[in-house]
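Student: Make the full structure from the sequences, and use the hints.
Each chain, written out:
Protein chains: 2
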Amino acid sequence: MANLELMRELSVETPSKIVMLVADGLGGLPGPDGLSELETAHLPNLHQLAAESITGLIQHVPAGLTPGSGPGHLALFGYDPLVFDIGRGVLEALGIDFDLQPGDLAARGNFCTVDEAGRITDRRAGRIPTALNVELCAELRAKVRLDGVETFIEPVEGYRFALVLRGPGLAEGLTETDPQREGVVPFEVAARRPEAQQAARLANHFIAQARAVLKDKRPANMVMLRGFANKPPIPPMHEVYRLRTAAVAVYPMYRGLAKLAGMDVFEGGKTFSDELEVTRKIWQDYDFIYLHYKWADSAGEDGDFAGKVVRLEELDAAIPAVRAMKPDVLMVTGDHATPAVLKAHSWHPVPFLLNAPWRYPDDVRAFTERDCRNGELGRFPATDVMPLAMAHAMKLTKFGA
Amino acid sequence: MANLELMRELSVETPSKIVMLVADGLGGLPGPDGLSELETAHLPNLHQLAAESITGLIQHVPAGLTPGSGPGHLALFGYDPLVFDIGRGVLEALGIDFDLQPGDLAARGNFCTVDEAGRITDRRAGRIPTALNVELCAELRAKVRLDGVETFIEPVEGYRFALVLRGPGLAEGLTETDPQREGVVPFEVAARRPEAQQAARLANHFIAQARAVLKDKRPANMVMLRGFANKPPIPPMHEVYRLRTAAVAVYPMYRGLAKLAGMDVFEGGKTFSDELEVTRKIWQDYDFIYLHYKWADSAGEDGDFAGKVVRLEELDAAIPAVRAMKPDVLMVTGDHATPAVLKAHSWHPVPFLLNAPWRYPDDVRAFTERDCRNGELGRFPATDVMPLAMAHAMKLTKFGA
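Chains A and B supply the protein sequences, listed in that same order. Here the numbering used here runs 36 ahead of the position in the first sequence, where the first position is 1. Here the numbering used here runs 36 ahead of the position in the second sequence, where the first position is 1.
Worth flagging that the hints you see were computed from the coordinates, not collected in a lab. Among these hints, one or two may not hold up.
One copy or any two copies: either way a pair holds, since identical chains are not told apart in the list.
[Claimed, not checked] Here are the simulated BS3-like cross-link-like pairs (lysine-lysine), alpha carbons at most 27 Å apart as the crow flies:
1. Lys253 x Lys179
2. Lys434 x Lys330
3. Lys379 x Lys53
4. Lys251 x Lys179
5. Lys434 x Lys379
6. Lys379 x Lys362
7. Lys53 x Lys362
Tutor: Right under this line is the structure:
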């Protein structure tokens, strides 16, 4: 919190504009010929931008830890991810564009199959199609009633759904019902602290009613719940930094993360070009725009080295359009590394660049992991990104007399 | 503690193996011809290993502070040495391989000489030989009895011995009895906090009885006590990291430090070759092995620049044998610098290398202070070493969703 208090104290409104372009899973590792995805790709615009910028490598969470997308983004937005925790249930709700409110309690739900004695025979209900999930959620929504709270039951994908309870006194701190194996009866929800007792009672009521509604269905005749979490109490960016903040993203989860940080969110269409189109439209109304480029991560997660290279080249081709909007501060970075060779997020630090008139020039001429290591900013924590952006946008007053 | 809690949450058991090779006093300073010990030595194996590793410079304690062996090692094992304090009494007990238990209170003892009025005439009792020390400790052990606690009186060397009290309610927070000058009567032990009152009373009983036992001896006719400390409550590494941990060291103090961290400890024989022999024998039973190489420090402490160079070359010659065991993660570093030109530990950061398949390669080709400064890891705190080792051993799950 200390840094956020400082920012709140020192930030001033000015007309300058900041763009934070987050290329999801940007960082990589060398492939078979010894070069990383960034080193392999043809990136004339990003390299030119790096040459005109200060650069570094950022770490979103402590050394060695691999950040999920939640902690990765929160850190970029200036929130210490060890302080502000995004539970799995909250992320599930964000991923379907659900509009979480303060005090909401969210959980991730699974449809599953149980036998007559209530023992789990399939934890994923034979991986039912999403269409059946949608039907079952509608039926649950119509029939389940919990005292004193609003209940939202929203299909996600396959056998997964999101449950959100809204009402007073719904505290997190609940155990999960999924025993993580078959042949046993699901657990009851229990409170791990006294404040969570009411929520535990309601969650168990939900499960009992859902079981009654589903009892003659096949294969999805039961539900399990896990990852109960409240919407985290994140002070909105517009209050902390006195910025008018907007997010443009194609995928709902990233709009959801931006919404947690208090940003106005805009659907980005289907492509990055669509996102830029939206950005141009809202340009005059905002001082800070977070732009999300998803596709580098997708290719990395698939282990598709060549595909990630192509996605990075597509990003590169869009850089002139971003620069044409003339942001006063333009940053390009990632929320975590997704090396294609690992097919997963990783703990490696991620290239970062910041372009602005009053940067201290460094000697880095290419936007790669190895080059950015030698940049002006060195290896630094992602929670420094927002203060650096604010400084270079001339939006911070002096600290101390 | 925050980091340890995180590690406890994210660590998973896998078959991969980690070796941490600590060359005591590894770092140095340039000698008369402008090169450090590491730069002067012929180290083909270490330089080759560095070329295949990520490198950096580690700092065990805050900038400018010179770590003792205790804080240096604790930091490498992942424990913040500003949080986990190893008192002098505890270090004295560890140095003689004493098996400290939770709740034990340890102190460093000196035999001294007093006159008939009880005034100190020699704070070190004329530096009596160890053989006499052993005799006196045996006599004290036979005759001193303290109510409700077990009393261990163990010779160390010359005029020094260790006192350990074992029993309920023995809290640290005691003043010392050594007035640090002659011509005055030793102080009584006093409690600096209420919880330590019982321990203070017992310590004073010990001194009174020891004085009675020793009163006709010459020159060691009295004892002084200092550095009272409890065994620090360090959560064991096997719980924090879910690792089967072992230490192999020739010198007892380092086995003692490893024991504090919960490792199984093995006597390393007399040489580093002996240590490697032991390591090969226990290889299958452990996931993490800490190997201690003492001799670089010994030469540094003696101010023997050429000797330290030779000791580093001997370490280098053993590197192929270490690599032949095929650890998944191999780290080489030190617990502090011991520049021969200073004849003492120093505050300078210490070279570090980590070899593992999923490292991000850097351009460093030599294992020296100046080269490692340009490594992938830059200058970083030693408490990051264990998380980095765990990450590269693929033993950490993702942080946050």
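Student: Each hint should be assessed against the structure and marked as holding or not.
Tutor: Hints and how they fare:
Within a single copy, Lys253 and Lys179 get their C-alpha atoms as close as 15 Å, which meets the 27 Å cut-off; across copies the closest is 81 Å, which misses it. Taking the closest pair of Cα atoms, Lys434 and Lys330 come within 27 Å of each other only across two copies (19 Å); inside a single copy the shortest separation is 37 Å, beyond that limit. In this homomeric assembly, Lys379 and Lys53 come within 27 Å of each other (Cα to Cα) only across copies, at 22 Å, whereas the closest approach inside a single copy is 36 Å. Taking identical chains as interchangeable, the C-alpha atoms of Lys251 and Lys179 lie at most 27 Å apart only when both belong to the same chain, with a minimum of 13 Å there against 78 Å between chains.
When the C-alpha separation of Lys434 and Lys379 is checked against a cutoff of 27 Å, the pair qualifies only between copies, where the shortest distance is 13 Å, while the shortest distance within a copy is 45 Å. Only between protomers do Lys379 and Lys362 lie at most 27 Å apart by alpha-carbon distance; the minimum there is 25 Å, versus 35 Å within a single protomer. Taking the closest pair of Cα atoms, Lys53 and Lys362 come within 27 Å of each other only inside a single copy of the chain (8 Å); across copies the shortest separation is 51 Å, beyond that limit.
Violated hints for the displayed structure: none, as all numbered hints are satisfied.
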